[in-house]
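Trainee: Hey, can you work out the whole structure from these sequences and the hints?
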Amino acid sequence: MGWNRKVLRVNLSAGTCVPEPLNMAWANDYLGSRGLASKYLVEETDPKVDPLSPDNKMIMATGPLTGTMASTGGRYTVVTKGALTNAIACSNSGGYFGAEMKFAGWDMIIFEGKSPKPVYLYLENDQAELRDAGHLWGKTCWETEETIKASHQDPLIRVSSIGSAGENAVLFACIVNDLHRAAGRSGVGAVMGSKNLKAVAIRGTQGVSGIKDFPAFMAATTAAKKVLADNAVTGQGLPKYGTQVLMNVINEMGALPTRNHRDVQFEEAGKISAEAMHEKRPTDGKAHLVTNAACFGCTIACGRISKIDETHFSVKNSPKYWGANGGLEYEAAWALGAANGVGDLEALQYANLLCNEHGMDPISFGATVGAAMELYDLGILTKEQIGLDAQFGSAEALCKLVEMTAHGEGFGKELGQGSARMCAKYGRPELSMSVKSQEFPAYDSRGIQGIGLAYATSNRGACHLRGYTVASEVLGIPVKTDPLATDGKPELVKAFQDATGVFDSAGICVFTSFAWTLADVQPQLQAACEGDWSMDKLNEVGERIWNMERQYNLAAGMTARDDDLPPRLKTEPAKTGPAKGLVNGIDKMKPEYYKVRGWDAAGVPEKATLERLGL
Amino acid sequence: MQKSLHIDPAKCTGCLQCEMACSYEHTGMINPSKSRIKVFNFEHEGRKVPYTCTQCADAWCMNACPVEAIVIDAATGAKVVKEATCVGCKVCTIACPFGTVNYMADVGKVQKCDLCGGDPKCVSACPTAAITYVDADWTGLDRMRSWAAKANTAAVAA
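Residue numbers (the working numbering), protein chains in the order written: chain A, 1 to 615; chain B, 1 to 158.
Since the hints were derived computationally from the structure, they do not count as laboratory data.
It is possible that part of the hints are untrue.
Unchecked claim - Here are the simulated DSS-like cross-link-like pairs (lysine-lysine), alpha carbons at most 25 Å apart as the crow flies:
#1 B:K150 / A:K286
#2 A:K271 / A:K316
#3 B:K38 / A:K149
#4 B:K11 / A:K226
#5 A:K280 / B:K150
#6 B:K3 / B:K121
#7 B:K11 / B:K121
#8 A:K240 / B:K11
#9 A:K480 / A:K588
#10 B:K82 / B:K38
#11 A:K280 / B:K11
#12 A:K240 / A:K286
#13 B:K11 / A:K286
#14 B:K121 / A:K212
#15 B:K38 / A:K226
#16 A:K226 / B:K121
#17 A:K271 / A:K575
#18 A:K212 / A:K6
What the hints assert, rightly or not - Estimated spans, in silico, between C-beta atoms of each pair:
#19 A:S151 / B:D8: 31 to 39 Å
#20 A:Q236 / B:A75: 34 to 42 Å
#21 A:A150 / B:Y51: 20 to 28 Å
#22 A:P155 / B:A155: 50 to 58 Å
These figures come from a predicted structure and were not determined experimentally.
The beta-carbon is built from N, C-alpha and C at its ideal position, and this holds for glycine as well.
Mentor: Here it is in structure tokens:
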């Protein structure tokens, strides 16, 4: 068990909500959440589909450990064809929404078609209903959640919604739940908006009863929680400093992409670091950070809850931003900060708040601003075109551009297309720091070689969460490898990619893998789920998911050329730090990686590989 | 020795492990909607507060019950609902000043914290010790200690 064995199929064109049994043969091969929802997408849609057309589908899915006391067991995944990437997209989110879907009795919800008018799905256990969302359209994610709870007179409802960014097809729009958790990447929010689906509101009171062996499950989850508590990263570093603990570490390694990857170290990194968030501000004597916070079931609690400086220029006239709120996490702090050369922590938090409020991925937004600032610096974009001075380091520009992008005003519309389309439009496509049109996250692949290969080959475009080799190359988890070397990285990337597929598909957070290996996850899955969930099986499932996603992308028209890094990272050596003089060795690593994967020289899985994985 | 639940909201992260453990102990499934302890999230203050029955000595719920369905567990001091006796009249839910007795529509009875017979599962489930189970006569001990630590007296050898 573990699964509820129930799928809700919502046809937005017809306005129908129909339950159907979960395909358990597929569950046995793809586990749940990311893997299983991707299997449904692959089986039910044409990979060449326009992501924003009614023929694309969007699936919200939980895993067998979602809604259980397995630590971090609260995650859900949104699977669709990505608006930003034209590749398979799967973005997962924490908070409380995923567990609520499970408690309402569902494993996943498949949205198909397009509603003739804005609607939201209201799910109360077995009862599913599409309701008019005319009054919600145009509202922020925050207002939408508040309005739905108020109108149903039920504060226990959990809500996932899009803001104006998703409504207006900002290509990096995300889906926000519980105010500041998000299915963030690849433009899944734009797909939701294209379907006229404003929100999904769930109240579940049925609970999770289908654990195969409850006593064994309790023992396994308790043992695994102890591993997290005893580990220095998950037991101490992340609760105290959050993911932001990495800012100074990565900067010292010379792997903090700065000013659109022109530099690899940011002179103001300390000002936007985790340590800075703990320090008292000169203006009001308070620290930016208020407390840490957990998502559902999480015993790590890396989340940051902060209070912005009320006297900061961005919010001094906007009291609605003065309360405690989510942020900053490492990726957002980097993308809104170092990527643009902005070292004003309060400005970053303001931009971060607007990303949460209006539903935008702060990584892609921030990195796109970085690209725009470089175009401005080169004289390709002018003040008149942008509507303001957009020099690197300008906190004022960052704060104005986030407003313009969220509201679709002026040059904000062009930023909302992402850096790849924007840079192409102005004749400098090579200045987009992206793979498959998705912007890089916060690690420069000249200083951490393996992550470059992970970015280039990620099935959802540049992403650190598809194969977080940083764990090994920087932190020595599970084994230390040399960040400046390319040797052994193809094997390392494959191992991380396959294992991550299992973590994602189980319904748990990949941050557990700072302390857990698959061997810690396996007993929890084995106790929760019927069938064989041995280590061999899990490794096979992870590899199967990766190859399935790969085949989807190939069928969508992608080739080995799409598994590449921008020329800057291959030809412009790092200027400072331990990686000084180095470029990324992607051209050496990629052919080896294809071999390790059992793919041919063109990056197509060999017949023997597919047969071995039952694809 | 009788013990009490002791809740320190400052340590709560909002993970809801307590709600899962409580519901599993009492219903055999993981179902926070059936939990007798609830965590409240005061989002814009950055505060999360677990809240449940304080086991009043002279308990309003027990006094209000017309059928004597709420009784004292002699071992723990917990005020416990006898499900077989409860008629679901809800008078206790009105009488309780704290809202910690609630009606369960699906079974037609009320439910409240019973301290799990002396081994509260919310306590063992809490990863941050925000919920502890301590000597009922010394729930103030931690706070006394923290104030005592502030006493500005240097140690001097005799």
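Trainee: Next step is simple, just say for each hint if it's right about the structure.
Mentor: Outcome of the hint check:
Straight-line distance between C-alpha atoms of B:K150 and A:K286 comes to about 22 Å, which keeps the hinted pair within the 25 Å bound. For the suggested pair A:K271 and A:K316, the alpha carbons sit about 21 Å apart, so the restraint of at most 25 Å is met. Of the pairs offered as hints, the one joining B:K38 and A:K149 holds, with about 18 Å between alpha carbons and a cut-off of 25 Å not exceeded. Distance restraint check for B:K11 and A:K226: the Cα-Cα separation of roughly 18 Å lies within the 25 Å cut-off, and the hinted pair is therefore satisfied.
As the CA atoms of A:K280 and B:K150 are separated by approximately 22 Å, the hinted pair is consistent with the 25 Å bound. Restraint check for B:K3 and B:K121: satisfied, since their Cα atoms lie roughly 14 Å apart, inside the 25 Å limit. Taken as a hint, the B:K11 and B:K121 pair is honoured in the structure, with Cα atoms around 17 Å apart against an allowance of 25 Å. For the proposed pair A:K240 and B:K11, the alpha carbon gap of about 12 Å is at most 25 Å, so the pair holds.
Of the supplied pair hints, the one linking A:K480 and A:K588 holds, its CA atoms being roughly 21 Å apart against a limit of 25 Å. With a C-alpha separation of about 22 Å, the suggested pairing of B:K82 with B:K38 holds against the 25 Å cut-off. Our distance criterion of 25 Å between C-alpha atoms is met by A:K280 and B:K11, whose separation comes to about 21 Å. Under the criterion of a C-alpha separation no larger than 25 Å, the hint pairing A:K240 with A:K286 is consistent with the structure, at around 17 Å.
Between the alpha carbons of B:K11 and A:K286 the distance comes to roughly 20 Å, so the proposed pair stays at or under 25 Å and holds. With a C-alpha separation of about 21 Å, the suggested pair B:K121 and A:K212 falls inside the 25 Å cut-off, and the hint holds. A threshold of 25 Å between alpha carbons decides the hint, and for B:K38 with A:K226 the separation of about 24 Å falls inside it, so the pair holds. At roughly 17 Å between alpha-carbon atoms, A:K226 and B:K121 fall within 25 Å of each other, so this suggested pair holds.
For the hint pairing A:K271 with A:K575, the CA-to-CA distance comes to about 21 Å; that is within 25 Å, so the pair holds. Pair hint A:K212 plus A:K6 holds up; C-alpha atoms about 17 Å apart against a cutoff of 25 Å. For A:S151 and B:D8, the Cβ-Cβ distance of about 35 Å falls inside the hinted range of 31 to 39 Å, so the restraint holds. Distance hint for A:Q236 and B:A75: a CB-CB separation of about 38 Å, consistent with the stated range 34 to 42 Å.
Between A:A150 and B:Y51 the CB atoms are about 22 Å apart, so this pair conforms to the stated range of 20 to 28 Å. Between A:P155 and B:A155 the beta carbon distance is about 51 Å. The supplied range of 50 to 58 Å therefore holds.
Every hint, counting from the list given before, is met by this structure.
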